[in-house]
Amino acid sequence: MASYKLNINGESREIDVAEDTPMLWVLRDNLHLVGTKYGCGIAQCGACTIHVDGKAVRSCQLRVSQVGEKKITTIEGLSEDGSHPVQQAWIEHDVPQCGYCQAGQIMTASALLAENKNPSDTDIATAMNGNICRCGTYTRIRAAVKTAAKNA
Amino acid sequence: MTNDINHKRRSFIKVSAAAGGGMMLGFNFIACKEESKIPDFIAPNLSEPSEWTTLNGFLSIGDNGVVTIMSPNPEIGQNVKTSMPMIVAEELDADWNQVIVEQAGLDTENFERQIAGGSQSIRHGWKNLRKTGATARNLLLQAAAAKLDVTIEELTTSKGIIYHEASDKSLGYGEVASLAADYTAPEEIKLKDPKDFAIIGHDTRNVDGFSIVQGKPLYGLDVNMPGTKIAMIVHPPAFGMKLKSMDDGSIKSMSGITDVVKINVEPEGWNPQWSDVNAYPELVAIVGNSTWEVMKAKKAIKIDWEGETALENSVDHEATMTKLLAEQDGELARKDGDPDKAFADADKVVEKTYTAPFLAHNTMEPMNFYANVTADKAELIGPIQTPMFLEGTLEGVLGIPKENISIMMTRMGGGFGRRLYGHFATEAALISQAVQKPVKLVYTREDDMTQGTYRPAYKVTYKAGLDKDGNLLAFGIKGSGIPGSPVFENRFPAGAVDHYQVQNIQVETNISTGAWRAPRSNFIATAEQSFLDEVAEAAGKDPIDFRLSLFDKAIKEPVGKDNDYDAERYAGVLKLVKEKANWGSETSGVYRGVSAYYCHNSYVAQVLDVEISGDVPKVKRVYCAVDCGIVVNPMAAKNQIEGGIVDGIGHAMYSAMTFKDGAPEQSNFHNYRLIRQAEAPESIEVFFVDNGIDPTGLGEPSLPPIGAALANALYQAVGKRFYQQPFGNENDLLG
Ligand code: FES
Ligand code: FES
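From first to last, the protein sequence lines are chains P and H. Heads up: the first sequence runs through residues 46 to 197, numbered per my numbering. Heads up: the second sequence runs through residues 377 to 1111, numbered per my numbering.
These are calculated hints, taken from the structure and not from any lab test. Positions of the beta carbon are idealized from the N, C-alpha and C atoms, including for glycine. Heads up, a few of these hints could be off.
Derived Cβ-Cβ restraints for the label pairs, each shown as a range [unchecked claim]: (1) H/ASP623 <-> P/GLU59: 55 to 65 Å; (2) P/ASP166 <-> H/ALA676: 21 to 31 Å; (3) P/GLU56 <-> H/THR685: 29 to 39 Å; (4) P/GLU56 <-> H/ARG581: 38 to 48 Å; (5) H/LYS523 <-> P/GLU56: 50 to 60 Å; (6) H/PRO1010 <-> P/SER57: 39 to 49 Å; (7) P/ARG58 <-> H/THR560: 48 to 58 Å.
Listed below are the simulated DSS-like cross-link pairs for lysine-lysine, each with C-alpha atoms no more than 30 Å apart in a straight line [as the list claims (entries may be wrong)]: (8) H/LYS917 <-> P/LYS195; (9) H/LYS717 <-> P/LYS162; (10) H/LYS674 <-> P/LYS191; (11) H/LYS717 <-> H/LYS545; (12) H/LYS675 <-> P/LYS191; (13) H/LYS996 <-> P/LYS50; (14) H/LYS956 <-> P/LYS50; (15) P/LYS162 <-> H/LYS994; (16) H/LYS717 <-> P/LYS191; (17) H/LYS675 <-> P/LYS195.
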């Protein structure tokens, strides 16, 4: 066990966990930020995607001891009230079916748009290929990313 | 707004003896909600009423006009939590913007068929949900008539307001709700003419959508009750093995571990129900303070397993089915005419065999459940498609009477049939009972994927006899599966061929299997519709015209009696997709395949376009015609159809579960391939037949036919027929 002071969604949070604990479980178990989802634990599904200094990162592969001063943003911190253009586009296109993968999809999409304001179909396919949606909402996800790009 | 403060402030709940299909009477939704203790984030922009009136089990009306409608069925992503309340709200004539939807817990006294399965929720609930809304509206009208001193016939309603035109007076539902509870509704209640529908048939967004995009806790894995421990199971590494012994000393001292116990979900003398499918009743459970600590202990624990029954191999499964199909007559399921003679007389005979592997469900949210079992009470919260069956199982296994068992359903991160089989909830309850603590049982992805309850493996041989003009004389199907044949003997082309025969061969296995989105259809449609494409080619006919001529026969002179489809509706979707896809037009570099299928009382026809980009065939467009009767929520219905298509393409192309010495060879998404963004079609266009017929299934029917539309398009593109799923990776495809 070790103590860590983390910057999560703009707030400083202190926790006491084993140093090999993945951020996924720190967020879910210790901080009760359960919007970040567990899907595979091995960097294959993208359900656990968060932003670390603005970049999309798989939280199941990020040990708490690696975080240091870096700024972490989770789906709960993407906007205060669901007003981020990506969240709004997701509502507009009524993307979710079961919804379980969607926080991860949104975090990947918002990191993509932060870097690339006007992504092509290929850019979207490449950036979003790590996020599995078992319900098969891929065509809507693509449309929503484009809408978000337009409205951002 | 329906928070605790609000609950205490509400002055009373009136309960009426409203009639309504026998499914309601006095259900207190708030009590249920308080029991669930799951945080809710519904309707943040609606104001809070000071008094609620519950008119029946389904709805409560606030004195400010806000309406709460219960959603009785489990939500697995099929969108019933939006569409079922829409049906109630329609007949209530409510303002949808004033409606809050709440998930009901298991309540067998007040609700019927609280199951998510067989694409049946809307079809089954349609009449009762409408009657429920209409009954409540009638009570409100009676109260308003008395208050205004007019007759009920003089009143009209719209969007939650009652109008008396003659006097130009109006009353909101909230103003008469508490009075309405004193009235009794008539037995016979008039329902709306579908042409007057103001909510049904209109695009309506997912009621949980806003919560989902903000990452609010909605799922079983998100349940976070005070004092809860995390539990994980360790199951045998192979089908046919069982627990021999364990050395809990190896992990007991590890950080955060509180308990290590053995559980058995099938105690002696107890009779399992159909929903208790489970290959591994005896398990080791590890309990601790946090997920990561328990995961580490799970890796470290030393357990000895021993063989109990045969350790099976996929190569043997394949060989067994091949041998049986070639050498044995199966059990005769249907025979029309004289198939043997007709095949002997045929000018041309086509015979092909189709194969598919086991599949795992792989819901994105792995199996999990919260349970708090005390001496005489059990409280369970989690994702389950069959809560009513789970209740029966828990009573038997825990020895606690049903009245002391409560089950609350969470939103589910996918179902696809996997959560029909609730052993994981039973396991959670037994672990809680054993360690005397509330626990949340969490399956790792590996536990989830290797536990079983798979879609069976199938192999089926089709045979068609054609006369010299290319007419279909005879048709034979021999189906086998591990376990069970996938053939529906009374489905098309039964009824459209004079000489027809179906035989089935069963093969036993100790690998557990179960329903997987569109059971049996998910394989047989791909086989049948791929085969018909090949037969049409042998007959020298256009594949759509060939099918239409068969439907024509089934309409005009059907063969046999028990044909399980309406040939006109079947032909209808095929004609619609033919028109919408502009079938027959040729575009250079575009290769097309067609397929049609009927299941879950709905008809689907698809045209799929493949293009070769680089060396790789890519699915570009899918056109899909659907006849599922009245479409309750077109926006969500399209989403379901699109999802089924993507799901069907993905599993036909990429997915397989295989076994070596009883052990699954795939355990996570690095070796079990699911379709991803770049492989999904560029566009999917959905066209619904508008026929005013009562709604039928929607969650499943678009999946089964798409595999054949794909195979038939790939054949046009690469000149190779596909008989074995998964059709393979890009390189194989061009081989
Ligand atoms: S849980 Fe991290 S990628 Fe799947
Ligand atoms: S919406 Fe269900 S997994 Fe994506």
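Kindly indicate which numbered hints from before are broken by the structure, ordering the numbers from low to high. Hint check: 1, 2, 3, 4, 8, 9, 10, 11, 12, 13, 14, 16, 17 fail, others pass.
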